[in-house]
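Visitor: Chains E and A are the protein sequences, given in the same order.
103 is the number that our numbering gives to position 103 of the first sequence; each next residue is one higher, with no gaps.
93 is the number that our numbering gives to position 93 of the second sequence; each next residue is one higher, with no gaps.
Read the hints as simulated data drawn from the structure, not as lab findings.
Some clues are possibly wrong.
Cut-off 30 Å, straight-line C-alpha distance, at most; resulting in silico cross-link-like pairs (DSS-like, lysine-lysine) [to be verified]:
{"no.": "1", "chain 1": "A", "residue 1": "K150", "chain 2": "E", "residue 2": "K304"}
{"no.": "2", "chain 1": "E", "residue 1": "K471", "chain 2": "E", "residue 2": "K338"}
{"no.": "3", "chain 1": "E", "residue 1": "K158", "chain 2": "E", "residue 2": "K13"}
{"no.": "4", "chain 1": "E", "residue 1": "K208", "chain 2": "E", "residue 2": "K10"}
{"no.": "5", "chain 1": "A", "residue 1": "K203", "chain 2": "E", "residue 2": "K304"}
{"no.": "6", "chain 1": "A", "residue 1": "K156", "chain 2": "E", "residue 2": "K338"}
{"no.": "7", "chain 1": "E", "residue 1": "K304", "chain 2": "E", "residue 2": "K208"}
{"no.": "8", "chain 1": "E", "residue 1": "K303", "chain 2": "A", "residue 2": "K88"}
{"no.": "9", "chain 1": "E", "residue 1": "K361", "chain 2": "A", "residue 2": "K64"}
{"no.": "10", "chain 1": "A", "residue 1": "K100", "chain 2": "E", "residue 2": "K386"}
{"no.": "11", "chain 1": "E", "residue 1": "K361", "chain 2": "A", "residue 2": "K88"}
{"no.": "12", "chain 1": "A", "residue 1": "K203", "chain 2": "E", "residue 2": "K394"}
{"no.": "13", "chain 1": "E", "residue 1": "K338", "chain 2": "A", "residue 2": "K100"}
{"no.": "14", "chain 1": "A", "residue 1": "K150", "chain 2": "E", "residue 2": "K386"}
{"no.": "15", "chain 1": "E", "residue 1": "K266", "chain 2": "E", "residue 2": "K10"}
{"no.": "16", "chain 1": "E", "residue 1": "K158", "chain 2": "A", "residue 2": "K64"}
{"no.": "17", "chain 1": "E", "residue 1": "K394", "chain 2": "A", "residue 2": "K88"}
{"no.": "18", "chain 1": "A", "residue 1": "K64", "chain 2": "E", "residue 2": "K338"}
{"no.": "19", "chain 1": "E", "residue 1": "K386", "chain 2": "E", "residue 2": "K255"}
{"no.": "20", "chain 1": "E", "residue 1": "K361", "chain 2": "A", "residue 2": "K156"}
{"no.": "21", "chain 1": "E", "residue 1": "K361", "chain 2": "A", "residue 2": "K203"}
{"no.": "22", "chain 1": "E", "residue 1": "K338", "chain 2": "A", "residue 2": "K180"}
{"no.": "23", "chain 1": "A", "residue 1": "K71", "chain 2": "A", "residue 2": "K206"}
{"no.": "24", "chain 1": "A", "residue 1": "K71", "chain 2": "E", "residue 2": "K397"}
{"no.": "25", "chain 1": "E", "residue 1": "K361", "chain 2": "A", "residue 2": "K180"}
{"no.": "26", "chain 1": "A", "residue 1": "K225", "chain 2": "E", "residue 2": "K361"}
{"no.": "27", "chain 1": "E", "residue 1": "K386", "chain 2": "A", "residue 2": "K64"}
{"no.": "28", "chain 1": "A", "residue 1": "K136", "chain 2": "A", "residue 2": "K100"}
{"no.": "29", "chain 1": "A", "residue 1": "K225", "chain 2": "E", "residue 2": "K338"}
{"no.": "30", "chain 1": "A", "residue 1": "K150", "chain 2": "E", "residue 2": "K338"}
{"no.": "31", "chain 1": "A", "residue 1": "K71", "chain 2": "A", "residue 2": "K150"}
{"no.": "32", "chain 1": "A", "residue 1": "K100", "chain 2": "E", "residue 2": "K266"}
{"no.": "33", "chain 1": "E", "residue 1": "K266", "chain 2": "E", "residue 2": "K208"}
{"no.": "34", "chain 1": "E", "residue 1": "K218", "chain 2": "E", "residue 2": "K285"}
{"no.": "35", "chain 1": "E", "residue 1": "K386", "chain 2": "A", "residue 2": "K71"}
{"no.": "36", "chain 1": "E", "residue 1": "K285", "chain 2": "A", "residue 2": "K100"}
{"no.": "37", "chain 1": "E", "residue 1": "K471", "chain 2": "E", "residue 2": "K397"}
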Amino acid sequence: MATELTSERKQWKKFLASFVFTTVGVLLFTALISSLHLDEQVANISMLYLFLVILAALVIGRGAAIWTSVASFLAFNWFFVTPRHTFNVTALTDWSVLVVFLFVATVTGQLMALLKARAWEARQHEREAAALAEASWAVASQLDINSALLEVLRQVSKVVDLESAAFVSTETGAPVVVAAFPVGADDIPWLETAAETHESLKLPIRMKDIDFGYAILKLSQKGSLTASQQRIIDSLLGHSAIVFQREHLMQAEAKAQALADADRLKTALLSMVSHDFRSPLTSIKASVSTLMEGGAPLDVETKKGLHHAIDQETDRLNRMVGNILDLSRLEADAWHPKLEWTPVSELIGMTLDQFSPDSNKRIDVNMSSSLTEINVDCVQMVQVIKNLVENALKYSKAEERVEINIFRDEDTAVIEVLDRGRGISDPDLEHLFEPFYRAKELQESSVPGVGVGLAVCRGLVEAHRGSLIAKNRDNGGAIFRVNLPMQPAGNP
Amino acid sequence: MRVLVIDDEPQIRRALRAGLERTDYQVMLAASGEEGLDMASEHPPDLVILDLAMPGTDGFHVLKELRTWTKIPVIVLSVRDQEEDKIKALDLGADDYLTKPFGVGELLARMRAVLRRSANEDEGPDETVFEHGDLKVDHAHREVTVAGEKVHLTPKEYDLLTCMVHFRNRVLTHRQLLSKVWGAEYADDTHTLRVHIANLRNKVEKDPARPQHIHTETRIGYRFKAEDK
């Protein structure tokens with residue numbers, strides 16, 4: 001109601017302004033004529049007033065032009081028709097002047113109105129074309145369904161007067177609002193109650209027999225949509241159907257990808273069980289059967305060696321089982337870190353405890369006073385550092401040292417593991433963290449491993465909302481760097 | 001010494017019997033929780049080795065039953081990554097745990113530790129002076145020295161150290177240490193304990209990142225390691 005009042009008032013004001021404007025115009029024009037004594041030089045003064053009438057029709061409109069004709073006629077008659085300063089409308093010429101004025105005013109005003117309407121239509125077409133073009137661009141460039149659909153709604157709002165609008169997806173059963181205009185309008189009650197009424201439209205979105213959902217448009221304009229608005233909305237909804245369909249396809253593709261990944265994992269696990277498990281099992285079986293066989297007695301040294309081999313190989317099998325468990329959990333996305341504030345020295349202590357005294361002699365630790373406590377799942381973070389250090393030891397020469405640096409870099413807790421090994425080749429850098437990836441020269445080598453450790457590390461670090469990166473050192477060797485976000489509060 | 005082994009896997013029972021009998025323990029074997037409870041009440045053993053994961057009456061149940069009438073030491077067997085189970089068992093009164101697979105040497109060391117502890121359960125310090133490596137704790141004078149140098153410990157650090165020394169070679173859960181040193185109302189304040197342990201290590205360990213005395217049992221607690229004499 002309030003808006004109607006103001007719009008009425010506006011129109012009234014406009015009317016009054018044009019009335020005052022044209023009246024003042026006529027008076028000024030009359031003053032100009034008499035001051036310049038044009039009436040004495042120009043034969044037909046009324047022609048001068050005609051100029052004013054055309055001007056009013058061109059600039060303001062038909063109504064103003066008619067008023068100008070009447071005012072001009074009155075002024076002309078009063079000031080310039082003898083006897084002056086009286087209204088004398090007796091001669092036929094006087095009437096013909098008025099008729100001509102009115103005729104010119106009407107015709108010119110009509111022509112102007114037509115012209116304006118044409119111009120408005122042209123602008124409207126332009127707007128519609130622009131809206132369609134922008135919607136197409138949004139659909140093509142925004143891969144994210146929500147922003148693409150929001151853009152479509154924004155374009156709809158340029159073509160019709162929208163109070164609010166939304167896209168609702170029904171693909172998963174229950175209706176879900178995927179985009180709302182204006183932003184944040186998805187929680188307002190109108191969505192629930194919106195039905196097909198005269199001011200809100202519910203338009204289905206479907207393509208190739210798939211129902212994706214519907215659009216709800218709540219209009220603020222009066223009356224129904226024009227044919228051109230209807231046309232443009234239909235074609236914008238066509239765009240939205242493309243967006244829905246693309247989302248549909250992308251989800252299907254993601255599912256297929258997950259299945260393919262799971263399949264790849266199964267294959268890799270099978271090859272791991274069949275190949276990598278066989279070798280420790282073979283050596284255990286051979287050692288045990290040798291010890292059990294009759295025949296010439298074995299000397300003490302040989303027996304000791306066989307026992308030692310069995311012990312070592314069972315440990316190796318145990319580690320491999322652990323790796324597989326880690327990996328299956330990684331693939332199932334089942335890492336949920338249990339964060340606890342842990343003294344850095346304790347974290348490092350737990351890690352180093354996993355290494356033999358001989359390995360420990362090769363490991364240097366640099367802890368910094370800038371970082372005394374760290375918020376991690378200690379079991380998982382120990383596993384990460386252990387895997388990284390294990391790799392560093394494995395891929396560098398026995399006399400080379402391995403460094404662990406742990407420090408704070410602004411808002412990041414950093415754990416670095418550095419070695420002086422062979423480094424990482426460029427193709428390996430890309431695939432290093434993929435499960436079962438092993439560097440080419442390692443694939444047939446005797447260095448044990450199945451390429452699980454780094455994949456597990458990255459999974460664990462990412463579960464901590466951190467990142468794990470690898471790069472080469474300047475003078476040979478590799479750096480693995482774990483970045484973990486520090487909690488804003490310094491104290492737990 | 002009589003040891004009762006309760007495990008549903010015959011191969012493990014057989015291997016444990018062989019390993020333990022060689023070290024002059026008398027071994028009783030039970031293939032299930034029920035059988036174990038019966039045997040324990042008929043011929044009370046000096047120590048129980050108990051598998052947590054068994055069909056039917058599981059290890060937790062057996063442990064609860066045992067603890068209603070006896071304080072005999074119990075060592076539970078568990079698998080990797082089941083810290084919650086281990087903590088639960090320790091809180092139910094198990095004296096220590098071992099992660100499968102384990103070596104018999106490890107098992108024997110754990111057994112010695114819990115048997116030694118149960119011999120002087122809840123008494124004061126079992127010696128006036130305790131020495132391990134370069135660490136010396138003089139209970140009479142409340143004095144701690146490392147390599148002959150006197151170390152200043154806060155009262156809580158001293159209590160923490162002597163508590164762990166008293167229960168040496170045995171795991172102490174966070175809750176156990178907190179209730180023994182700070183009191184039962186602080187049993188859940190793991191962070192305080194961690195900070196005190198870190199400080200204590202800085203004072204008594206030569207290399208706090210490679211502790212010789214105070215070892216961390218990840219997620220579970222701490223163990224003061226000292227070779228048996």
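Visitor: Tell me, in ascending order, the numbers of any earlier hints that this structure violates.
Guide: 1, 4, 5, 7, 8, 9, 11, 12, 14, 15, 16, 17, 19, 20, 23, 24, 25, 27, 28, 30, 31, 33, 34 and 35
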